[in-house]
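Engineer: Letter by letter, the chains look like this.
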Amino acid sequence: MVADSAAYRRIATLMAHEGLLLRRAPGPLIGYTIMPLLLMVVLQPTLERLSRVSASDAGGTGQAAAGMAVMFSLFALKLVGADVLQERTWHTWDRLRASPARLGDVLIGKAVPLLGVLVAHQFVIFGFAVAVFGLRPAGSWWAVVPVVVVWSSCVLVLGAAAATLVRSPAQLSAAGDIAAILTSTLGGALVPIAFLPSWLRALAPISPGYWAMRCYRGVLDDPAGVPMMASLAGLASFLVLGLIVTALLGRTRRA
Amino acid sequence: MLYTYTMLIVEGLRKRFGTRVALDGFDLTVHPGDVVGLVGHNGAGKTTFARVVAGLVALDAGRVTVAGIDVGHRPREARAALGWAPQELALYPTTTVRENLLLFAGLNGMSRRDGLRRARELGAALELTDVLDRRVRELSGGQQRRVQAATAMMHRPAVLLLDEPTVGADPITRRALLATVRAIADEGTAVVYTTHYLPELDVLDASLAVVRDGRVIARGRRAELLASVPGRAVLRYDGTPPPIAPSLHERASVQIDGREITIVAPDPAACVARVLAQSREVTRLSSVELAPPTLDDLYRALLEPAEALHGR
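Sequence lines, in order, name chains D and S.
Counting in this note's numbering, the first sequence runs from 1 upward without gaps.
Counting in this note's numbering, the second sequence runs from 256 upward without gaps.
Some hints here could point you the wrong way.
To be verified - For each label pair, taking beta carbons as the anchor points, the in silico distance ranges come out as: (1) S:T384 - D:G139: 36 to 42 Å; (2) S:V458 - D:I181: 56 to 62 Å; (3) D:L243 - S:E479: 54 to 60 Å; (4) S:V422 - D:G19: 31 to 37 Å; (5) S:V422 - D:S168: 23 to 29 Å; (6) S:E266 - D:G27: 31 to 37 Å; (7) S:R467 - D:G19: 42 to 48 Å; (8) D:G104 - S:Y260: 30 to 36 Å; (9) S:T261 - D:S168: 41 to 47 Å; (10) S:E442 - D:A25: 23 to 29 Å; (11) D:A120 - S:V422: 40 to 46 Å.
Hints were generated in silico from the structure; no laboratory data involved.
Here a beta-carbon is modelled for each residue, glycine too, at the ideal position from N, C-alpha and C.
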């Protein structure tokens, strides 16, 4: 019991400190929150018309909101990467490892606030779509919650993996931008998947963004038409894969 | 807190990085209240030793015990008894000094209230009171060094490892830091203090451990170690120096260069007395310069034996 309370205290300390770090450098997060809102204002009318003209569910407000949420959460992946990377450049990661905290305590203490930020980021985007464009899910809002959480966890893990691969903030920025555009475009976040060239549509399932979009579109537009659990499982498989890759990369780096 | 046993036991540490041998049978013991100055060339193994004790480097062989706890078997408990300030600055620059201190207090199980109290104490001791609420990145290099040392001292560790804590520090920083380290040692903490500034070890009343090629090659109190190091005397004459008795050559290294006699011996003063006793030409003697061995001489004698005798 004593050991448990000490671990909780360490985790609480780390979470509070991580929150401080995020609050002290809010610029990128503000950028990744405002940009999708602006883009949604521009894209929503076009996607709405596209939906009517094509007589399909490919466009619409759901596509605009989900597309921006997926695309800019992938950009926000750089926040996670930068957070991990700065622990290395500041040499503080070794200080954390040399403390009595378990590796698991440190990872939880750092990951939970970051996950909270990623989740909140997506809810702000969907909240904007509700307030400005009257977005209403076809099913319950509660169905959005597991998708937001799993997708945010996926982004978190991918960000951590990216940080183990790059050597500098500049590398992270360049690689993060390219990966975000590639993953979100391939996933149908920028342009509805139905309007992508056929060869890109064939490749789309290799993008985690594709599965996130499937989940969101399923919840927002057609809960009956999309096998939600299968899509969520597809998304979760990227989370598991990301965890394994990150653990392996982290172990290689420590060695 | 009063400790009654050996606080740090390091036995036979061996560590290779590829083909490079970083530690090659490193042994060290430190008792409560002792300050051990770890000196040696760059790359001698000092920092690797510190990282091993901090649990950051896996050993090829050997054993480390901190406050009676085996680092290999119970690493977290051992780390709880350890305070480590690495050589490079390792602080969160975007948070304040107080927030940095509270982080390390919390990681070591201290309550927020105790952490705040300890932060005030260390702030006062290290002359950081005025900057406790300033962000670390806004501080001078010397202030950042003191903050780093303070993070390692927050939880009053049983063993404190400070790896070159005064690099680039100004005299004020150095004085405050040394006084605080001495004070924490007086409370019972065993301190290992790595440095290239040997006079600091006098201020700390530290014993020495000289490291070369991954092992401790000499260990002891300053006076004990200096006793084995030759001192130097230089006698200058107005004219040609007198001849030197052969018996003196047997117990000292004597060089005559023009009007100057240089004697290198464990006790140079006694040798000078012998020269003067044997010579009737004291009137031509213009000056005598006695240089008893210093820590620098010891360092050089141990680490650069070839040039230690006449190279000074």
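Engineer: Would you mind marking each hint as holding or not holding in the structure?
Structural biologist: Hints, verified against the model:
{"no.": "1", "hint": "S:T384 - D:G139: 36 to 42 Å", "in the structure": "violated (59 Å)"}
{"no.": "2", "hint": "S:V458 - D:I181: 56 to 62 Å", "in the structure": "holds (59 Å)"}
{"no.": "3", "hint": "D:L243 - S:E479: 54 to 60 Å", "in the structure": "holds (56 Å)"}
{"no.": "4", "hint": "S:V422 - D:G19: 31 to 37 Å", "in the structure": "holds (32 Å)"}
{"no.": "5", "hint": "S:V422 - D:S168: 23 to 29 Å", "in the structure": "holds (24 Å)"}
{"no.": "6", "hint": "S:E266 - D:G27: 31 to 37 Å", "in the structure": "violated (51 Å)"}
{"no.": "7", "hint": "S:R467 - D:G19: 42 to 48 Å", "in the structure": "holds (47 Å)"}
{"no.": "8", "hint": "D:G104 - S:Y260: 30 to 36 Å", "in the structure": "holds (32 Å)"}
{"no.": "9", "hint": "S:T261 - D:S168: 41 to 47 Å", "in the structure": "holds (44 Å)"}
{"no.": "10", "hint": "S:E442 - D:A25: 23 to 29 Å", "in the structure": "violated (38 Å)"}
{"no.": "11", "hint": "D:A120 - S:V422: 40 to 46 Å", "in the structure": "holds (42 Å)"}
Checked against the numbered hints listed earlier, the structure breaks hints 1, 6, 10; every other hint is satisfied.
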